[in-house]
Amino acid sequence: MSANLANIELQPLTEIEKLVHEPARLMILATLHAVESADFLFVERQTGLTRGNLSSHMSKLEAAGYITITKEFVDKIPRTLLRITNDGRTALLTYVKHMQKVLDSVKTKN
Amino acid sequence: MLAHKNSETIDIKAVTKQIHRTIVEDGLLDIMIGIALILSTFHLMGILSYFWILWVPIAVVLTQVVRRRFIYPRTGYVNFSLSAGQVASIFGLSIAVIALLTILLALIATGIGKPIKENWREILNLSLIAYTVLFFCFIAFQFNAPRWYMHGILMGGAFLLGRAFEAHGIVIALGIWIILVGTYVFLRFIQRFPIEPTEDASDVR
Chain A
1 MSANLANIEL
11 QPLTEIEKLV
21 HEPARLMILA
31 TLHAVESADF
41 LFVERQTGLT
51 RGNLSSHMSK
61 LEAAGYITIT
71 KEFVDKIPRT
81 LLRITNDGRT
91 ALLTYVKHMQ
101 KVLDSVKTKN
Chain B
1 MLAHKNSETI
11 DIKAVTKQIH
21 RTIVEDGLLD
31 IMIGIALILS
41 TFHLMGILSY
51 FWILWVPIAV
61 VLTQVVRRRF
71 IYPRTGYVNF
81 SLSAGQVASI
91 FGLSIAVIAL
101 LTILLALIAT
111 GIGKPIKENW
121 REILNLSLIA
131 YTVLFFCFIA
141 FQFNAPRWYM
151 HGILMGGAFL
161 LGRAFEAHGI
171 VIALGIWIIL
181 VGTYVFLRFI
191 QRFPIEPTED
201 ASDVR
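Protein chains in written order, with this note's numbering: chain A, 1 to 110; chain B, 1 to 205.
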């Protein structure tokens with residue numbers, strides 16, 4: 001096994017951003033990547049995360065500038081609107097590219 | 001729900017496809033298309049003038065009204081805006097496909113001894129029918145909605161039979177069937193996703 005590991009290209013792993021790598025945040029970014037914008041409830045349903053969990057990860061992504069969070073009222077009901085930023089898209093696609101390199105390397109060696 | 005909770009990577013295309021499925025998930029588009037079919041048939045029968053085309057903007061507005069009232073409180077609000085470039089691409093691709101189908105059918109017509117000059121209208125109608133089938137099958141594939149394959153194939157069949165026997169009732173019956181399917185899907189959707197308390201928990205940090 002150690003001989004196999006030596007041949008696998010692991011360099012891309014060091015370039016992987018931990019903020020994006022966390023599964024919950026990865027799902028949030030992937031969901032928002034597919035839409036123009038979505039509200040809290042939609043992302044909650046699509047990702048299956050609990051409200052508290054989702055809110056916590058949203059804060060981290062917002063702090064990193066990967067998503068924007070806008071609060072508005074629609075028919076007197078509060079709505080939290082989420083939107084991925086260009087930086088967020090770039091981070092997500094870069095992450096996928098790096099992970100794919102590692103996985104492709106593992107597959108070819110096996 | 002996304003199925004990639006603990007995977008090392010994520011298939012962006014698969015996730016996008018799953019999320020786009022929500023466009024057809026509630027059955028509303030089926031109902032609107034069924035009504036459009038019936039109205040267009042009435043127009044062909046000379047009962048309605050070109051006013052039936054007004055159904056398109058009415059359907060868009062009506063869909064948004066119903067979604068706002070029944071869908072968004074259940075599964076959340078989502079916006080799938082298309083850019084002008086994307087709309088132009090879809091339109092251009094549609095024209096190209098129709099043109100290709102028309103050329104193909106014209107070649108077949110020539111091959112079986114039917115002159116294009118006298119049969120161009122029929123050739124164009126057949127290419128539009130073929131395009132309709134392809135379009136619905138594409139939507140079914142893109143949005144992972146198998147019932148739209150049936151919509152497309154039944155529409156193609158209904159249009160062909162309707163033209164062959166001059167029986168507009170076939171298309172009207174199909175329109176009614178699609179409305180019923182859409183209504184069933186809509187009611188099941190409402191049942192599957194009850195409205196939960198609207199407390200906005202997004203302030204929990």
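FYI, nobody ran anything at the bench for these hints, they're computed from the structure.
Mixed in with the good hints, there may be bad ones.
Stated by the list, open to error - Taking lysine-lysine pairs in the DSSO-like style, the calculated list, with each CA pair at most 27 angstroms apart, reads:
1) B:13 with A:107
2) B:114 with A:101
3) A:97 with A:107
4) A:60 with A:18
5) B:17 with A:101
6) A:107 with B:17
7) B:17 with A:18
8) A:107 with A:18
9) A:18 with B:13
10) A:71 with A:60
11) A:97 with A:18
12) A:18 with A:76
13) B:17 with A:97
14) A:97 with B:13
15) A:60 with B:114
16) A:60 with A:97
Being a predicted model, the structure only gives us computed values, none of them experimental.
Hints, verified against the model:
1. B:13 with A:107: holds (21 angstroms)
2. B:114 with A:101: Not satisfied, since the Cα-Cα distance of roughly 56 angstroms exceeds 27 angstroms.
3. A:97 with A:107: holds (15 angstroms)
4. A:60 with A:18: holds (12 angstroms)
5. B:17 with A:101: Between residue 17 of chain B and residue 101 of chain A the Cα gap is close to 23 angstroms, so the pair holds against 27 angstroms.
6. A:107 with B:17: Holds: residue 107 of chain A and residue 17 of chain B sit about 25 angstroms apart, inside 27 angstroms.
7. B:17 with A:18: The hint holds at about 26 angstroms.
8. A:107 with A:18: Holds - the C-alpha atoms of residue 18 of chain A and residue 107 of chain A are around 23 angstroms apart, at most 27 angstroms.
9. A:18 with B:13: holds (22 angstroms)
10. A:71 with A:60: Within the cut-off at roughly 17 angstroms; holds.
11. A:97 with A:18: holds (14 angstroms)
12. A:18 with A:76: It is violated: about 38 angstroms lies between the C-alpha atoms, which goes past 27 angstroms.
13. B:17 with A:97: Holds: residue 17 of chain B and residue 97 of chain A sit about 19 angstroms apart, inside 27 angstroms.
14. A:97 with B:13: holds (13 angstroms)
15. A:60 with B:114: violated (68 angstroms)
16. A:60 with A:97: Cα-Cα ~22 angstroms, so holds.
Against the hints set out earlier in the document, violations occur for numbers 2, 12, 15.
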